[in-house]
Structure formats: C-alpha cells, structure tokens
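Engineer: So the sequences go chain by chain: A, B and C.
Heads up: take any position in the first sequence, counting from 1, add 3, and you land on my numbering.
Heads up: take any position in the second sequence, counting from 1, add 3, and you land on my numbering.
Heads up: take any position in the third sequence, counting from 1, add 333, and you land on my numbering.
Where hints are given, some of them may not hold.
As the list claims (entries may be wrong) - With a cut-off of at most 25 Å between alpha-carbon atoms, the simulated BS3-like pairs for lysine-lysine come out as follows: (1) B:65 to C:398; (2) A:164 to B:341; (3) B:322 to B:302; (4) B:338 to A:164; (5) B:338 to B:313; (6) C:507 to B:261.
Because the hints were derived from the structure by calculation, they are not lab data.
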Amino acid sequence: MNTTLERILVPLGAVVVSLLLFALFVALAGYPPLDVFALLYKGGFGSSFSWNNSLQRAAPLILTGLAVAIPARAGLVIIGGEGAMVLGGLAAAIVGVWGPTHISLVAQIAMLFSGALIGAIWIGLCGWMRHARGINETISSLLMAYIGIALLNHFVEGPLKDPNSLNKPSTPPIPDANMLGLTPGFDVHMGLLIGVVVALIAWAVLRFTTLGFSLKIVGGNPRAAQLAGLRVGRWIIGACAAGGAAAGLSGAIEVAAVHGSANASLISGYGNAGILIAFMARHNPLAIIPVAVLIGGIGAAGGMLQRRLDMPDATVIVLQGMAFIAILASEAVMGSPWRRIAQRLWGIEPATAPIAPAPVTVVAKSSSLEVA
Amino acid sequence: MAGQKFDRRNFLKIAAASGALAAVSNSALAQGKPLVVGFIYVGARDDFGYNQAHAQAAAAMKKMPGIKVIEEEKVPETIAVQKTMEAMIEQDGASLIFATSYGYFDPHVLKVAVKYPKVFFAHCGGLWTEGKHPKNVGSFFGYIDECEYLSGMIAASVSKTKKAGFIAAKPIPQVLRNINSFTMGAQSVDPAFTTHVIFTGDWSLPVKEAEASNSLIDQGADVLTCHVDGPKVVVETAEKRGVFTTGYHASQLALAPKGYLTGAEWDWVAPYTTLIEAVKAGKQPPNFLRGGLKEGFVKMSPYGAAVPAKAKAAADAVKAKMVKGEFTIFKGPIKDNKGATVVAAGASQAQQDPVLEGMNYLVAGVVGSI
Amino acid sequence: MSAAAESLGWLGVPLAVFAGAIRVSTPFMLVSLGECITEKSGRINLGLEGILVMGAMAAYAASFKTGSPWFGLWAAAGVGAMFGLLHGLLCSLKRVNDIAIGIALMLFGTGLAFFLGKPYIQPKAPNLPSIPLGFWTDNPQLANALDVNPLFPAGVLLAFFLHWAFRNTSWGLKLRIVGDSADAALALGYKIIPVRIVATMCGGVLAGLGGAFLSLYYPGSWNEALSSGQGIIAVALVIFARWQPLRCVGAALLFGGAGALGPALQAAGVSGGYHLFNAAPYVLTLLILIVSCSPTRSLQGAPGELSLTRS
Chain A
4 MNTTLERILV
14 PLGAVVVSLL
24 LFALFVALAG
34 YPPLDVFALL
44 YKGGFGSSFS
54 WNNSLQRAAP
64 LILTGLAVAI
74 PARAGLVIIG
84 GEGAMVLGGL
94 AAAIVGVWGP
104 THISLVAQIA
114 MLFSGALIGA
124 IWIGLCGWMR
134 HARGINETIS
144 SLLMAYIGIA
154 LLNHFVEGPL
164 KDPNSLNKPS
174 TPPIPDANML
184 GLTPGFDVHM
194 GLLIGVVVAL
204 IAWAVLRFTT
214 LGFSLKIVGG
224 NPRAAQLAGL
234 RVGRWIIGAC
244 AAGGAAAGLS
254 GAIEVAAVHG
264 SANASLISGY
274 GNAGILIAFM
284 ARHNPLAIIP
294 VAVLIGGIGA
304 AGGMLQRRLD
314 MPDATVIVLQ
324 GMAFIAILAS
334 EAVMGSPWRR
344 IAQRLWGIEP
354 ATAPIAPAPV
364 TVVAKSSSLE
374 VA
Chain B
4 MAGQKFDRRN
14 FLKIAAASGA
24 LAAVSNSALA
34 QGKPLVVGFI
44 YVGARDDFGY
54 NQAHAQAAAA
64 MKKMPGIKVI
74 EEEKVPETIA
84 VQKTMEAMIE
94 QDGASLIFAT
104 SYGYFDPHVL
114 KVAVKYPKVF
124 FAHCGGLWTE
134 GKHPKNVGSF
144 FGYIDECEYL
154 SGMIAASVSK
164 TKKAGFIAAK
174 PIPQVLRNIN
184 SFTMGAQSVD
194 PAFTTHVIFT
204 GDWSLPVKEA
214 EASNSLIDQG
224 ADVLTCHVDG
234 PKVVVETAEK
244 RGVFTTGYHA
254 SQLALAPKGY
264 LTGAEWDWVA
274 PYTTLIEAVK
284 AGKQPPNFLR
294 GGLKEGFVKM
304 SPYGAAVPAK
314 AKAAADAVKA
324 KMVKGEFTIF
334 KGPIKDNKGA
344 TVVAAGASQA
354 QQDPVLEGMN
364 YLVAGVVGSI
Chain C
334 MSAAAESLGW
344 LGVPLAVFAG
354 AIRVSTPFML
364 VSLGECITEK
374 SGRINLGLEG
384 ILVMGAMAAY
394 AASFKTGSPW
404 FGLWAAAGVG
414 AMFGLLHGLL
424 CSLKRVNDIA
434 IGIALMLFGT
444 GLAFFLGKPY
454 IQPKAPNLPS
464 IPLGFWTDNP
474 QLANALDVNP
484 LFPAGVLLAF
494 FLHWAFRNTS
504 WGLKLRIVGD
514 SADAALALGY
524 KIIPVRIVAT
534 MCGGVLAGLG
544 GAFLSLYYPG
554 SWNEALSSGQ
564 GIIAVALVIF
574 ARWQPLRCVG
584 AALLFGGAGA
594 LGPALQAAGV
604 SGGYHLFNAA
614 PYVLTLLILI
624 VSCSPTRSLQ
634 GAPGELSLTR
644 S
C-alpha cells in the first residue's frame, strides 16, 4: 500500500517540479507565470467545457498509447503507431462506403473491426519481421509508418478520391446515419468510451490472466520464456498485432466519429503522441487514461494561453517535454528512503532493467506457471 | 444525447454571463463590449507564407475600433479545430470566427456552425453553396490565379529555355488553377512555353522542395515558381543556382535580389474588413465572397531588377484589363495536356464561375500529370 | 544570370540521385555517426531528432546574429553537447529508461526550438560556403552536384576515423567494453557512467551539426517543418548499419539518393504515383533489412548493454 501511494505521489511531485521549472521558463520569456498557471487550469480543467475539451483531446491518445504499451510488455519498442492508425482509418472509410451500410450498428462495427484488423496486420508484420528475420521492430515499425502514410496519401489522392472533395482529397463520405455518436454524459465522441473500455480490458488481461504473465516473461527474458515452453514468436507477433489493433481502431474512430471519410487530416500525430503517453504511463494500461487526460488538458489549455496571452503554440510542447522528463527522472527516487536519496541517486544503473515495468516477483512465479 | 443537453445548458450559462449570445446584434455593442473575432491558422503564424499572410491581415484588424482579436496557430484539421472554435465562443465570447485552412470546412466548420447559429463562421477557400450549407457560414477567397497569369507573362519574357519549373504540394483544384493560369500567361507571350510540375506531396517539406528545385533546374528550367506553404526554400535555391523566380503568398524580393521577378500575394485585409464590418453592423455577412486584383484581395509583388521595361508594360496592360473586369483567363479553346478539350472554342469561364473551383486538369504545355 | 543549361532528360535521374545522395545524406550521416558512438557505449538516444531541430535553430540564429555561419556551427555543437549531457545525466539515474528519456528530449528539444525560433523564420542568415569540387567540368548540372559542403567530407573522414579508432585506440576499446558488458568494464576498473555521458555528448554534438547543415546549407533556412524526421531515421540507420561507422555512411548515402528519386522522376516527366516514389527510401531500407537479416545474424555487432536490442 505504501508503494501504491508512492507510485501516485512521486509522479505528481514530478509534475509539480516541472511546473516550477516551467514557471521559470515563462518568466524568462517575459510572460506572467501566475497568469499562465491560472489559464492552464482554467483552459484544461476549470469548467465543464474545459473538461470536455480535455477529454476529447485525450480520447484518441488512449488507444494510440495502448498501441505502444501492449507490445512494450513483451519488451518491444514500437514507434510506428501512426502508420497503423492512418491505415485503420482508410480501411474504415472503405468499409463505411462500400461495405454494409443499411443497418447503422452493423456498419459501425464493420468499420471499427476493419480498422483494428488492418492495424493488427500492419504492426503484426513488424512482429513477424522481428521473429522470422530478426529485424529490429523499432526500425521496421518506423519505416512501416512512413510507408503507411504514403499509401494513405496515394489512395485518397488517387484511386479512391471522391471528385467532389475538391481541395481536400478524400474518399467518398460515409452515410451520416452511420457516424458514431457521443459518449453518454459527455460532449465527447464515442472514442472516449471505446478507449477507456479497451484500456480497462487490456489492464485486466495483462494483470490477472496467464496471458499477461506469459507476455511479461517474454518481455523480461525470452530465453526463460522458451525454457518455460512459451512459443516466443507467437507472443511477439501477437503483442504487436494487439497494439496495432488499438492504433487501427483509433484511426477507424477518427473516420467514423469525426471526419466521415479518409483524408490527409488523419495524419495528425496521434500515433506519435501515443509513444509519449505510453512511456509516461510506464506501459500500464490503467495509467494511460490519466496521462492521456493530462496531455489532452495541456493541449486544451494551450489554446487558452494563445488566445489570452498571445503565447506561441510551442509553449505547451515545452511544458509537456518538461513534465515528461521530470516524471521519468522521478523513477530514480522511487523506493528509496528519502534521506538516502542523495547517495543512491548516482548508483550504477541495472543493466538488465527491462523496458516494461516487470515486477521481480513474476520471474519467481514463472517456474510454477503452466503455459504451452 | 445527454451530453448535448448538458452542453447547451452550459453554453447558455456562459453566454448569458459574458453577453456573447447577443453580440451579433447591436445590443452588445451598445453596452460597449468589443466584437470578439477569432482567427485560426493551420500552421505557425510566422511561417513566411500562407499562414503569415492571414496573420498579417489579422494584425491589421486589431487596429479597428471596437474589435478584440484572438488567435490560435497550428490547429490541426481534426476534432481539435472544432474544440478550438467552441472554446473561442464559450470562453472568449467570439461572435465571428475566421477558419483559414481549407481542411477546416467539411466537417469541422459545418458541424460547429449548426451548434452555434448566432456565431458567424468565415472560411477561407471553401465553396459555400446555397441550400446545402448553413446560413451562418460564409466562404471567402481570392482569385490569385490572376497574379499567376501575370507572373507567367513576366517569366516567359525573361526565360531563355522557355521552360519553367513549378513546385506544388498537391494536385488539388486551387493549385491546378494556379499552374494553368501561370502557363497560359507564359504562353500568351511565347506559345511554345512549357511548365514542368513537381508535386512534393505535402504543404511544407523543405528538403523535398529544395530537391525538386534542383531537379527542375537540372532539367533546364530557368524560372521557378511554387505553390507550397512557405516559398522561402524554392526562392533561395533558385537564387543560389542563378535562375529566376516568381513568388507566392508574400513578397520574397529580399531573399532573391537578382532573380526575383514578381509574385502573387494575398491581401486579406479587404475581405476581413468586409466581413467584420457586416457583423459589427448587425447585418448578414456575405456567404460567398470572392475577389481578385479588382477588389484588392490579391496583389502583385513589385517587379524585380531583371524584368525588362517592355515586359512590365505588357503585363501592366493585362493587369489594367483585369482590374476593369475585362479580362478572362479561361477563354476557349483550351485543351488539357492529354489532348482533350476542356473549354470549347467560343466558350469562356469568368472568374466567378464555380466550375473553375473544381478544376481537375492541366492545360496543354504543362508537363506532369495528376 | 548564368547561361541557360540544357535539359538532361532521362540522364537527369541518375544525376539527381547522385547529387541528392551527397546533398541530402549529410544530416543522416552526421546524426547516425553520433548515435553510433552513443550506442557503442550501451546507451540509445532517441532524442537526437529534438537535438537536431534545436541545433538547426541555434545555428541559424547564431549565424544571423553574428553574421558568421561558423559561429552557427559552434552554437549547434554547443547546444547538442548540452542536450547530450542532459540525456547522459538523466539516464545515469537509477531505473531511468534511456529510450523514454530520448522520446522526452525529442519533444522538449522540438518544442524549445519552435518557441525560441519564431523570430528567425523570416530573416536570411549567412549560409555555409561550399567547396566547388566540380571545377573541372563545363556541365553546369554536374558542377552543381559536385558543389559539396565541408561537412560532407568531414563526416566521411570522421567515419573512417571512428572505424579505425573503435578498434585501435584505448578509448575506443574502453567505449566498446563499457557498451558490451558493464560487469567486464567494472572488473577492468573503468568508470562506466562518465564514459557513457561523454559518448552521449559526442552524439549530441554531431546531431546538432546535422541540424546546422539543414538550416545553414541545404535547404539552408530555418522553419518549423525543416526536419522531416531525419534525426529519428538516422537512429534507425545505425541499427541498419549494424553499429559500423562506414556502413552508416553507406546507409546515409543510400537513403539520401533514394529520397532524391521521387522529385527526379517527376522532373523527367514520370509523375504518377509520386507518393509511392517518395516512400522509396523507406521501402528500400525495409527490403534490404528483410533480405540481409536473419534471426541469427541480425544482432551481430550490437553492443551487449543496449536496451533496444537486448534479447
């Protein structure tokens, strides 16, 4: 229970530290820090409108965060979620126009499913390349992201272009009746509900099932996993596919809830922001939700800083960068008795620290685990 | 459903508090509250190109009495722009919003406009259609192809290879219209003139723009021009390699004192003023606002040192006709570069013709395909 | 104005690829060589993209303020060293993950560069000069292709130097041991953290210089879209090059040349499917990886302490 408290308090303390540094930064840049803070609060979380604004900006980031976090549990660093996202959007747009369109619910499910499927295949391919050809998944997913974006551009400006889309080359619009509605109780589209549900499912599966344990073993030590009888390749491809499905789903939601067609506006950086979210949440699906809301809130507040104080848009990127660095660095004080922090701060880093936060207990449990 | 109800109540509360709801009518002005006008840009305000042209005009609006200008830059064409528009209305009481990127129109502006019927949304570049789009949405744009035609005339008069290079972002109607007008202007001076097009694929890709410039120069183009968000790279590369350029968005004369011929520039002060004055007076602003050289929505850069007096005189003569409204660029017969007739002999399409806003061909003499 | 050049037609395509390889490859080469040094020490710095953008901004601003592009290079190198130091220090903290810090620095560096760089988008700063290696030819296109920036040969020389130094100098050996096995380094009495911090700083300096090349030579101006991912691609190229400096040069040239293919084909009149041609560098890199890798060979040369590739 002490550790749970610590896991919440330390990152919060880090956010406070980064806010102080940010105050110094804005003061040096000639802006009034107190006004900046007041507006940050007001714009991000100060009213029900602000909350809806922040939650709306957070919604797509939950899924793209999961796209990075799930493979990370298997020790994989996937940075190409953007490609899976845009192709998921393209698939949803195609299915939404040329697939089943008569019954709204069927059409919506078909769109979301096709988006997730394409995403799963796209990132799953990176997993396959890693397993079958030994190609580092970080490079392959990055390259695949650029290729996916090129494919989207090619199709929406070429073979699939609706001539009526004029100066914004797009696929034909999906019927209005088949668009996704709002998350009940919020002025935020359905992506929020879907994102939260998927995050909760991912958290539960990773935490409470043998699936989650097996993934951690694969991520922690593939050789041990092989000894335990796990087919590492399948787990790697599966984890990539699951992450890709989340990214593809987020793209499908963008089309089915916002754009109504696939076009270059889908390339909006949500996939890249997901990397930030996942690492900030230490690849914990549950933590991804508040982190996404925090980033969404900073984004919403950024608009207010621009409108009220004429600050450039990059202001909030600086704040996000500072907050991110502080939260990551705060890991170092975790678990240390406060008086010995100074001594322990500069110790040798453990060479075997896994990318994913895999509690040590898991390894001990693995021997007793029956997994085929 | 619940969300919508919740939201409307919230809106009423805030609107009542700030007086924003009544701002379109005269009553708010009578109370001495300024008219809040929001400007939204897709890129950085100071990109030395498309967005800066808008931001400069917005800065001029700040000097108008009774106006409060609020701005947001780098707003992507996603749900983020919907939230930005709503925030300007809910949190700052904006009653007129300028959405300056084409991609904001459908679905974003259209959707938010339905939600806030008392606010007027002025969109740059869209094709507002009676009966199809809400009354509180308007689109404005400039016939910058007039300037491109004149730039083409100047280009052809100094070019030795009779070959221009055009670096464009995407083959969309607005871009195609510029390429075609430039080429037809050049061909009015020399019918054998050709324009070679490279599409870079996106609005701001400096390294690719530089590569495209070099490739076109290597292929013998001795005049470059472009339609990308920031022309700086193209103009500087051309100057380095000793070829001519015509500019876009704003004057880049200072970047290329030797090779800059002239250029096509926006001047958004005129349409902004028209729309703001209308809202301020409590009148319905125009839903479809267009203008060219005549209306002062666009202008030419000053001629560079390399332009001969004869070429200036010829271009100025055509410009004078344009200003009088006596010149038609798209006058038949016009063939596309695949040989098909796109404007029949005897037919002509005036600037206001909506057909031109859906252009999907490159005229004969343009090397490239879409 | 110079005499008009004659059209090259199809010959323009290989020339553009050749010229593009030289012009476009330099930032990839500098950043990947820097990252090669960092990764040899057992750390990975994904933040080089942010450092590159920051370096580009700092170089342009310094060149504009002082009137000397060489000061710009110094500024970029200094900024790169500072960011490298920051990464190095933060990653030396216990339990702090180097990949995550890299991503944070990418964001921070980019944001800071955009924030501070606003006043420098419009002015014209003095650019770096070039060496006219094409003085012997009358062909203006070829002569232009051979107009190279000093940073290009400097990068190639650095690659040869690193290739030699990794094997034949005491610090090269120290770097490799620290990167391959922390235990072995400790046993030999090496101080691991200082080595890694210095290695990350070297990587930062080179990434900053890569940015300076972009803003001060090609394309030669500062704006927020200047980098289209050169920094992050260069990190990938190091793995592609299997941590060998000379292969980094080859990978950078390949990537630069392939990137010039799209515009060159369009200039020669092939204009359909340009989005797909523009993806050529990525497709080509992936294909080469698929053909040349196998599960047993792929990690040859990988530093043992590298978190990215540890199996």
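Engineer: Please go over all the hints and tell whether each is borne out by the structure.
Structural biologist: The hints, checked one at a time:
no.	hint	in the structure
1	B:65 to C:398	violated (31 Å)
2	A:164 to B:341	holds (20 Å)
3	B:322 to B:302	holds (10 Å)
4	B:338 to A:164	holds (23 Å)
5	B:338 to B:313	violated (29 Å)
6	C:507 to B:261	violated (55 Å)
In the structure shown, a violation is registered for the earlier hints numbered 1, 5, 6, in ascending order.
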